[in-house]
Each structure stands twice: as C-alpha cells, then as structure tokens.
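> Under our numbering, the first residue of the sequence shown carries the number 360, and numbering increases by one thereafter.
Think of the hints as simulated: they come from the structure by calculation, not from any bench. None of the values given here were measured: they were computed from a predicted structure. No residue lacks a Cβ here, since even glycine has one placed at the ideal position from N, Cα and C. Among the clues, some could well be false.
Stated by the list, open to error - The calculated label-pair distances, taken between Cβ atoms and stated as ranges, are:
#	residue 1	residue 2	range
1	Val452	Ala362	43 to 49 Å
2	Arg365	Arg414	41 to 47 Å
3	Leu379	Arg414	21 to 27 Å
4	Lys495	Gly458	18 to 24 Å
5	Lys373	Leu494	44 to 50 Å
6	Asn391	Ser477	46 to 52 Å
7	Arg369	Ala411	42 to 48 Å
8	Lys420	Ala362	48 to 54 Å
9	Arg418	Leu389	18 to 24 Å
Said to hold, decoys possible - Only pairs whose alpha carbons sit at most 25 Å apart, straight line, appear in this in silico BS3-like list of lysine-lysine:
#	residue 1	residue 2
10	Lys450	Lys419
11	Lys384	Lys420
12	Lys422	Lys384
13	Lys419	Lys384
14	Lys495	Lys453
15	Lys373	Lys420
16	Lys373	Lys419
17	Lys384	Lys373
18	Lys363	Lys373
19	Lys450	Lys373
20	Lys384	Lys397
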Amino acid sequence: MNAKTRNDYRTALKQAEAELANHEKRGEALRNTIAGLKTLLGVDRKAAPRAAPKRAPVRKKRKRRKSAGAGHPDVPAGTFRGMGPTYAYRKFVKIYGEGYTVPQIRDALVQGGVRSKSRTSLLTGLHSVRRRDRLKAEAAAREAAEAKTESAGGDE
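Start from the sequences and build out the full structure, keeping to the hints where you can.
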C-alpha cells in the first residue's frame, strides 16, 4: 500500500467514525422522543404504580487492541515480490534491522508483495527462519569464543 492509498484510507476511516458518532446521537434523540411520547400517551403505564424499571448496566467501552503487526515500516509495494519467506525475511532484516516483531515483519512482507497460503502459515515460517538464524549466530559465536581461547592458550 503506497502513502497516497494509506492516506485515502485514513480519510475514509475518519469520515466513517464521524458518521457513526452522528448516527449514535440521532439514535439517542429518537429514543428520548419515543420515551416522551409514551409517557404523554400513557402507553407504558400499568394499573398499579411500580418502582422505576431497572436500567441495564452500562457496558464499558473496551480499548481497541492494536494489531500484533501494527507498527511495521511502510514498505513499498513489490519490494519482496516473488521471494520466498526466508529470503524476504533476511532482506527485510538487512534493510530495516531486527527491531521488529515477527507479526510486524509478516505484515511488512505482505505489503511488500510476499505471497503465502495464509497469513498464519507465513507467520509460522518466519518464526522458523528467525529461530534458525538465531541458532546459527549462537553457534558461530561459540566457535569464535572457542577459537579465541585456543589461540590465547597456544601463545603462552
């Protein structure tokens, strides 16, 4: 998704949110009008006076959770087109660094053109690639540390 398309979607989102807020205000005004007319006409009255009806508990508005992949860099479309998950992941890390979660990387790769059977299978593949790369780096660090201690011990 390019920047212009993203801005168009943001504008559409703001318009939809404003329309929903106006719709809710109009609905509340209409409910108040209906309640007033019922009271005026005596539609709700029963033979015996009753206590005020219990109001339904007000539901707390939940905060929307951010998507697990939210916050990934804006990747130009086609950057990773035709690449497999492993190669695309390694290219992403070279370009943008390792400071992103796997879901963020998945979303960036999808935005960049990587194709997969499903977002879940791509996520699983990326976790595997990250784990393999981490294990290789740890093994290389161990070998380097062993070589350093051997060379230090041989110089004495």
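> Confirm or reject each hint.
The hints, checked one at a time:
1. Val452 to Ala362: 43 to 49 Å: With Cβ atoms ~23 Å apart, the hint is violated.
2. Arg365 to Arg414: 41 to 47 Å: holds (42 Å)
3. Leu379 to Arg414: 21 to 27 Å: With Cβ atoms ~23 Å apart, the hint holds.
4. Lys495 to Gly458: 18 to 24 Å: holds (20 Å)
5. Lys373 to Leu494: 44 to 50 Å: Holds, at about 46 Å.
6. Asn391 to Ser477: 46 to 52 Å: The hinted range 46 to 52 Å holds for Asn391 and Ser477, with Cβ atoms some 48 Å apart.
7. Arg369 to Ala411: 42 to 48 Å: At roughly 45 Å between Cβ atoms, Ala411 and Arg369 fall inside 42 to 48 Å, so the hint holds.
8. Lys420 to Ala362: 48 to 54 Å: violated (31 Å)
9. Arg418 to Leu389: 18 to 24 Å: At 20 Å between Cβs, range holds.
10. Lys450 to Lys419: Answer violated: Lys450 to Lys419 is near 44 Å, above 25 Å.
11. Lys384 to Lys420: Holds: Lys384 and Lys420 sit about 16 Å apart, inside 25 Å.
12. Lys422 to Lys384: holds (21 Å)
13. Lys419 to Lys384: holds (18 Å)
14. Lys495 to Lys453: holds (16 Å)
15. Lys373 to Lys420: Between Lys373 and Lys420 the Cα gap is close to 19 Å, so the pair holds against 25 Å.
16. Lys373 to Lys419: holds (22 Å)
17. Lys384 to Lys373: Holds, because 17 Å separates the two Cα atoms, which is no more than 25 Å.
18. Lys363 to Lys373: holds (15 Å)
19. Lys450 to Lys373: Roughly 35 Å between the alpha carbons, so the hint for Lys450 and Lys373 is violated.
20. Lys384 to Lys397: holds (20 Å)
Hints 1, 8, 10, 19, counting from the list given before, are not met by this structure.
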